[in-house]
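Chains as they are written, first to last, in this note's numbering: chain A, 159 to 349; chain B, 159 to 349.
Please keep in mind that the hints were generated in silico from the structure rather than gathered at the bench. Do not rely on the hints blindly, as some may be mistaken.
Identical copies look the same in the list; a pair holds intra-copy or inter-copy alike.
[Claimed, not checked] In silico DSS-like pairs for lysine-lysine, Cα to Cα no more than 27 angstroms straight-line:
1. Lys300 x Lys171
2. Lys163 x Lys269
3. Lys260 x Lys331
4. Lys262 x Lys239
5. Lys300 x Lys179
6. Lys232 x Lys261
7. Lys261 x Lys277
8. Lys179 x Lys232
9. Lys269 x Lys171
10. Lys300 x Lys277
11. Lys239 x Lys179
12. Lys300 x Lys260
13. Lys163 x Lys262
14. Lys179 x Lys331
15. Lys168 x Lys262
16. Lys260 x Lys239
17. Lys277 x Lys179
18. Lys261 x Lys239
19. Lys331 x Lys239
20. Lys300 x Lys261
21. Lys168 x Lys269
22. Lys277 x Lys232
23. Lys300 x Lys163
24. Lys331 x Lys171
There are 2 protein chains.
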Amino acid sequence: MQELKDRIAKEGKVLPGNIIKVDGFLNHRVDTELLDHIAEEFGHHFNMDDVTVILTAEASGIALATIVARHFHKPMIFAKKAKSDNIEGGLYQSDIFSYTYKKKVTLLVSKEWLHAGDKVLVVDDFMANGEAMRGLCEIVEKAGAELVGIGCAVEKGFQGGGDRLREAGVNLKSLAIIESAGPDSIVFREN
Amino acid sequence: MQELKDRIAKEGKVLPGNIIKVDGFLNHRVDTELLDHIAEEFGHHFNMDDVTVILTAEASGIALATIVARHFHKPMIFAKKAKSDNIEGGLYQSDIFSYTYKKKVTLLVSKEWLHAGDKVLVVDDFMANGEAMRGLCEIVEKAGAELVGIGCAVEKGFQGGGDRLREAGVNLKSLAIIESAGPDSIVFREN
Chain A
159 MQELKDRIAK
169 EGKVLPGNII
179 KVDGFLNHRV
189 DTELLDHIAE
199 EFGHHFNMDD
209 VTVILTAEAS
219 GIALATIVAR
229 HFHKPMIFAK
239 KAKSDNIEGG
249 LYQSDIFSYT
259 YKKKVTLLVS
269 KEWLHAGDKV
279 LVVDDFMANG
289 EAMRGLCEIV
299 EKAGAELVGI
309 GCAVEKGFQG
319 GGDRLREAGV
329 NLKSLAIIES
339 AGPDSIVFRE
349 N
Chain B
159 MQELKDRIAK
169 EGKVLPGNII
179 KVDGFLNHRV
189 DTELLDHIAE
199 EFGHHFNMDD
209 VTVILTAEAS
219 GIALATIVAR
229 HFHKPMIFAK
239 KAKSDNIEGG
249 LYQSDIFSYT
259 YKKKVTLLVS
269 KEWLHAGDKV
279 LVVDDFMANG
289 EAMRGLCEIV
299 EKAGAELVGI
309 GCAVEKGFQG
319 GGDRLREAGV
329 NLKSLAIIES
339 AGPDSIVFRE
349 N
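Could you build all of it, start to finish, from the sequences and the hints given here?
Right, dumping it as C-alpha cells:
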C-alpha cells in the first residue's frame, strides 16, 4: 500500500536494535484517516462479508482493529494481556513472548465473546516476530472458530514472523513489509 | 445518554468488589456503532472545533478515543503504561494508582506529539477512582497544553473520582454515572 509505505519512509525512525518507530501516525499518536484507508485496503484482500468478528491484542492493535470493525460494521474483540481483576474464569489463553517488553505475556479472550462458528479476521498494527499473531491464531483455534486471515499494517520482514505464518498456510496480508532498515534508509519488500 | 444506560442495564454485570463488567460492548468485545453514538454525544457537550487532539490511556480507552478522533477528524494520542523499549527519552509522565491492576503504573506521552498550544479532549471508556484521568490531566498540564474537558462513557459515581475532578473545575462529562450497583440492580445518577 503506497500511502502507508510513503508515511513510513517519510516519518518512520530506525532506532538501535532494529526498532522501527512509526509512533507519529500508527501506535502512539494515531492518524485515524490513514487507518481508515488501511481498513479499506484490507477489504480488497479479505472477503469481509464472511467475517463475523475482528480480533486483535492490546494495546497498540486496538486503534486499527477499531477502525476496521467500524468500517465493515463488525464487532471487535481485543485480547487482554496478563490477568486483571476485571476478567474472571472462562478464558481462552495463549502464552507469547513479547518482543516489545522482552518477557512472556499471556493473551486472554473471554469464552463468552468468541465462539465456534465465528469467522475471525485478526488485525494488528505491527508484526515483528509474529508472536502476538501466533497467540491470537491459537486462541481462534481453541475457540473452535475459523481464521479467515490476518491483516497487518507493518511487517518487519527480516524478523521472519510473517513468513513463518505464510508457510503454515495462514492468509496473511501485510500492507508494508520492511525488508531492511538502517539509520538512513528503509527498504520495502515488493508486494 | 439513554442508549448507553440501557445497554449497561441490560448487559452489564456486577461482580463482588463493586466491579461493573461492560465487557460485551465497551472494553473487551467492542460495539463500534455504540462508540460512534457516544462520540456524537460528546460533540453536544464539547466544542469540537476547538479541540486539536484526543488523548486517552492504554488499553481500554483506545477504542473509544479512536472512534471520537475519527468522528471529528482529529489525531488521537494514547498514553502508554510503564516503560517499553519502543519509547526513548523525551517523555511527559505521571504516576497513577491503577484500580484494575492494584498497583502503581506510569503514564507516558512523548513530548514529540503533545505541545503547548494543543487543546486537548481527554477521552476514556470508564472511570472508577479517576486516577487515569488525573494522570492524563497532569500530562496535559506538563505539556503546557490546554485541557478542553474530559469525555467519559461510564463513571462509577460512588467511587468519587468524577466528583473530585468536577470540584477541581474540570469540564467532565460522563454519559452514564452509576450511583450504586448490586447483584440485581444498577442505579444511575440523574444527569
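Tested hints:
With identical chains, the CA atoms of lysine 300 and lysine 171 are at most 27 angstroms apart between copies only, with a shortest distance of 25 angstroms across copies and 37 angstroms within one. Only between protomers do lysine 163 and lysine 269 lie at most 27 angstroms apart by alpha-carbon distance; the minimum there is 25 angstroms, versus 37 angstroms within a single protomer. Taking CA atoms no more than 27 angstroms apart as the test, lysine 260 paired with lysine 331 passes inside one copy only; the shortest distance there is 26 angstroms, against 39 angstroms between copies. With identical chains, the CA atoms of lysine 262 and lysine 239 are at most 27 angstroms apart both within one copy (10 angstroms) and between copies (17 angstroms).
For the homomeric pair lysine 300 and lysine 179, the shortest alpha-carbon distance between copies (24 angstroms) is at most 27 angstroms, but the shortest distance inside one copy (33 angstroms) is not. Taking CA atoms no more than 27 angstroms apart as the test, lysine 232 paired with lysine 261 passes in neither setting, with 32 angstroms inside one copy and 34 angstroms between copies. In the homo-oligomer, the alpha carbons of lysine 261 and lysine 277 never lie at most 27 angstroms apart, since the shortest distance is 30 angstroms inside one protomer and 37 angstroms across protomers. For a Cα distance limit of 27 angstroms, the shortest separation of lysine 179 from lysine 232 across copies, 21 angstroms, qualifies, whereas the shortest one inside one copy, 29 angstroms, does not.
In the homo-oligomer, the alpha carbons of lysine 269 and lysine 171 lie at most 27 angstroms apart only across protomers (16 angstroms), although the nearest pairing inside one protomer, at 39 angstroms, exceeds that limit. Taking identical chains as interchangeable, the C-alpha atoms of lysine 300 and lysine 277 lie at most 27 angstroms apart only when both belong to the same chain, with a minimum of 13 angstroms there against 45 angstroms between chains. In this assembly of identical chains, lysine 239 and lysine 179 lie within 27 angstroms of each other by CA distance both inside one copy and across copies; the values are 22 angstroms within and 17 angstroms between. With identical chains, the CA atoms of lysine 300 and lysine 260 are at most 27 angstroms apart within one copy only, with a shortest distance of 25 angstroms there and 30 angstroms across copies.
Within a single copy, lysine 163 and lysine 262 get their C-alpha atoms no closer than 31 angstroms, and across copies no closer than 38 angstroms, so neither meets the 27 angstroms cut-off. Proximity of lysine 179 to lysine 331 under the C-alpha cut-off of 27 angstroms is restricted to the intra-copy arrangement: shortest distance 21 angstroms within a copy versus 34 angstroms between copies. For the identical chains of this complex, lysine 168 and lysine 262 are neighbours neither inside a copy (33 angstroms) nor across copies (37 angstroms), given an alpha-carbon limit of 27 angstroms. Proximity of lysine 260 to lysine 239 under the C-alpha cut-off of 27 angstroms is found in both arrangements, the shortest distances being 14 angstroms within a copy and 15 angstroms between copies.
For the identical chains of this complex, lysine 277 and lysine 179 are inter-copy neighbours only, at 25 angstroms across copies versus 32 angstroms inside a copy, given an alpha-carbon limit of 27 angstroms. Taking CA atoms no more than 27 angstroms apart as the test, lysine 261 paired with lysine 239 passes in both settings, with 12 angstroms inside one copy and 16 angstroms between copies. In this assembly of identical chains, the alpha carbons of lysine 331 and lysine 239 lie at most 27 angstroms apart only when taken from the same copy (24 angstroms versus 29 angstroms across copies). Within a single copy, lysine 300 and lysine 261 get their C-alpha atoms as close as 23 angstroms, which meets the 27 angstroms cut-off; across copies the closest is 31 angstroms, which misses it.
Taking identical chains as interchangeable, the C-alpha atoms of lysine 168 and lysine 269 lie at most 27 angstroms apart only when they sit on different chains, with a minimum of 19 angstroms there against 42 angstroms within one chain. With identical chains, the CA atoms of lysine 277 and lysine 232 are at most 27 angstroms apart within one copy only, with a shortest distance of 11 angstroms there and 32 angstroms across copies. Taking the shortest Cα distances, lysine 300 and lysine 163 never come within 27 angstroms of each other, neither inside one copy (35 angstroms) nor across copies (34 angstroms). For the identical chains of this complex, lysine 331 and lysine 171 are intra-copy neighbours only, at 23 angstroms inside a copy versus 38 angstroms across copies, given an alpha-carbon limit of 27 angstroms.
In terms of the numbered hints stated before, the structure departs from hints 6, 7, 13, 15 and 23, listed from lowest to highest.
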